[in-house]
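Dock chain to chain to rebuild the complex, using the hints, since each chain is given by itself in its own frame.
Residue numbers (the numbering used here), protein chains in the order written: chain A, 877 to 1091; chain B, 7 to 233.
Treat the hints as calculated values from the structure; they're not laboratory data. Positions of the beta carbon are idealized from the N, C-alpha and C atoms, including for glycine. Take the hints with a grain of salt, since some may be wrong.
[To be verified] Cβ-to-Cβ under 10 Å is the rule here; a few derived chain B residues that face chain A:
| hint | residue |
| --- | --- |
| 1 | D9 |
| 2 | T13 |
| 3 | L198 |
| 4 | Y204 |
| 5 | L211 |
[What the hints assert, rightly or not] Not the full set, but computed from the structure, chain A residues with beta-carbon under 8 Å of chain B:
| hint | residue |
| --- | --- |
| 6 | V935 |
| 7 | V945 |
| 8 | W1009 |
| 9 | G1026 |
| 10 | L1067 |
| 11 | G1069 |
| 12 | Y1072 |
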Amino acid sequence: MNFDLNSINVILPLLLQGLKVTVIASTGAVIVAIALGLLIAIVRRSAGRALRLAIDTVVTVVRSTPLLVQLYLLFYVLPLYGPAMSPMTTGILGLGIHYCAYLSEVFRAGIDAVPKGQWEAAIALQFNRLQTWRRLIIPQVVRIVLPQVGNYFISIYKHSSLLATITVVEILGTTLNYAGETFRYFEAFTLLGIIYFIVGFSLSRTVGYLERRLA
Amino acid sequence: MNDYSLTEFLMRIAPALGRGALVSIEVALVSAVGALLIGFVTGLARLSPHWYVRLPFVAYVELFRSTSSLVQIFYFFYVLPLVGIRLDAFLTGALVLSLNFGAYVSEVVRSAVQSVNPGQWQAGVALNMERAQIFRRIILPQAFPVMLPALGNYALELLKATSLVSLITITELTFAGSQLVQFYGRPTTIYLAVFTIYLVMALPLVALNHHIERRAGGVWQGKVRHK
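Chain B on its own, in the form it takes in the complex (with noise of 0.2 Å):
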């Protein structure tokens, strides 16, 4: 079964890494979802004036911060079953990607919100403004364009990190390469086919990345300078 040409190689594995790169891709936008809104609820409850608001979400950050995507994923995959939660592959996959990201989501939007001059709060104030509506009137606008390059970063980091829930029998890109490479071999062809749509899917972020970094000018490395 090795004796194909290249050309018709790759017309065959065509249709198995197509199927592969959209469940990439899914993974990726369902967890970019979750990792936002579990990132700026965290940043926002990290920023309570009370400590046993943020305790519990400063647990959650260091927890997920300190340790290994893949350790947290295999944890969930194995462990969580055994305690009577049962989700599946995909679930499971998503949900740490998720709780993953949105750690180091919420540190953006924290620093981010942080970043906006405390003169902004005071001014809300003098205008008779309530907390809430100057939270959404005056600081988000202002701090949201200082997230946007960490956000940026972290959305690329994203979608590579979705090749290790290749490991968890998700069948998304990488996993569908290894089954072409078990089946046919021809790992040479097969996984640069893979690697390459992995840069494919990857260059419409890069551009956006470099678009927003120009624009922010000086803000780079996924790190939220301080205004």
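One chain only, chain A, in its complex shape (with noise of 0.2 Å):
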């Protein structure tokens, strides 16, 4: 098998082209994951006993099933009872739903690891609930997680390839579009692979040096 280096000029700008939809994707689905796990974990702090505990249930369950069936549901399951969104909505939505379970665990630890006095301190200084989460609680959480999300938002990255079973056409969508038209998979997907180490081993340096910054 002969590695057919022309076809580089034309797989490479393709695949570049994907990947911009891989960064899109990857970057709403850490937005809305974020948002959500956020969300679930002030709720589950100040939820009576029965929600917290479907809370919980909830976010276990989104976590210990496989993303793709998640994928599948929202993408043929759910337009037959709900409006159609674009597969890139649909995308970004189940990715970010996956996720918000595991980052809402992250936020969660990080809330508990701002020292009590802090609270006391809000109380002291007549800060109202929003003025406290937001001036003082929030800022310190997000130095105390960041590298966690940094590391999710990878594992996020990564993940994204499943978009391509629902017709996102992106970074791994393009190439196997590309491949199944021209039978070249060894250069498509040795490309494919050689981008995807690129990206992502930059992102794992970026996070890392994060953790030893914020350490």
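As structure tokens, then:
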């Protein structure tokens, strides 16, 4: 099997186009995951027993089932009952919901790690609830959880390739389409692997740096 | 063919889903054994004092941790036959999952062994034990409990990841479900059934992990904290 170097000229621009979609999907998903995860962590703290049990159950169910099946449910089943969404929106939502379960645990631990004295300080300063969270607690939580959120962003980036299965033409989808048409599986997939590695490795180095800086 | 009642329909699809679930478990078990073997060898090799021993293992771990498991599965499935290596789909899937999770397990093993107090090595030397003996009888028994919470989490992740091999024609649970949808329609019932079966398979692991985490105390999120 020869590696056709000339085909790189064709494949590379295509893959970079696909990479753009991957990056958009991952970024969208991490925003959804952070928002939902933070919401869950905060609501859970002040929730009564029944609500807390309900939240924990949902989080466990989402965490214990495969993302692929969750995507199928959102993509093939949900439109039968609700509004149809574009594959991209479905994918971002699916990834975001899956990872909000993980992030809610990270945030919960992060909030617990804020010293108790900070809450007392907020009372002493007559901060109201919103002020306490926004100006005192969340800035400290962000510092504590940032490296872990970074690690989950890398997981989301890697898992975003699953969106190819619900017809999102991200970088893996692009590769599968191109290779299916031209039978250049070797060239296309090798380039895909190289690009995936370069981006993934840079991301993990960056998070590693963050981890050391904030430790 | 769509006019079965719900119970009738569930009875009809149960055998195919059951067979699929067994294949999922099979893939998970084979890959778990593979990942543990690869992970232990790699994790220990990375503790070698010689850089030329560490280098290939570092390269392997970084390569597999920086790319997507699905991309790895497709790569092995489409590219290996082109360079003359022919494996059947099941073996390909199990091999990739073993290599993928082996990379993560190796990090768990490495950091757990490093978390054992170096004084324990010196104690072993003082007792006139050999290196291998110290490792087997002093270090490993202390490192192993440190690994458990993270290994438990990866076991759950592995079970979920077996769904990916559905995309390379292995008729495990997810693929069995997709085939049934092709044949009968009724995606709601079928995919919810698949979802529920995955959940039921995961629950024992979830309970086990909960138990391990409570006993380990403070070790969580698949990360091993250094003592």
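Here is how each hint holds up against the structure:
1. D9: violated (18 Å)
2. T13: violated (20 Å)
3. L198: holds (7 Å)
4. Y204: For B/Y204, the interface hint holds, since the closest Cβ of chain A sits about 5 Å away, which is under 10 Å.
5. L211: Result: holds, 8 Å to nearest chain A Cβ.
6. V935: For A/V935, the interface hint is violated, since the closest Cβ of chain B sits about 11 Å away, which is over 8 Å.
7. V945: Since chain B brings a Cβ to about 5 Å from A/V945, closer than 8 Å, the hint holds.
8. W1009: violated (23 Å)
9. G1026: violated (13 Å)
10. L1067: A/L1067 check fails; min Cβ-Cβ to chain B is 11 Å, beyond 8 Å.
11. G1069: holds (6 Å)
12. Y1072: Cβ of A/Y1072 sits 4 Å from chain B, so the hint holds.
Hint check: violations occur at hints 1, 2, 6, 8, 9, 10; the rest are consistent with the structure.
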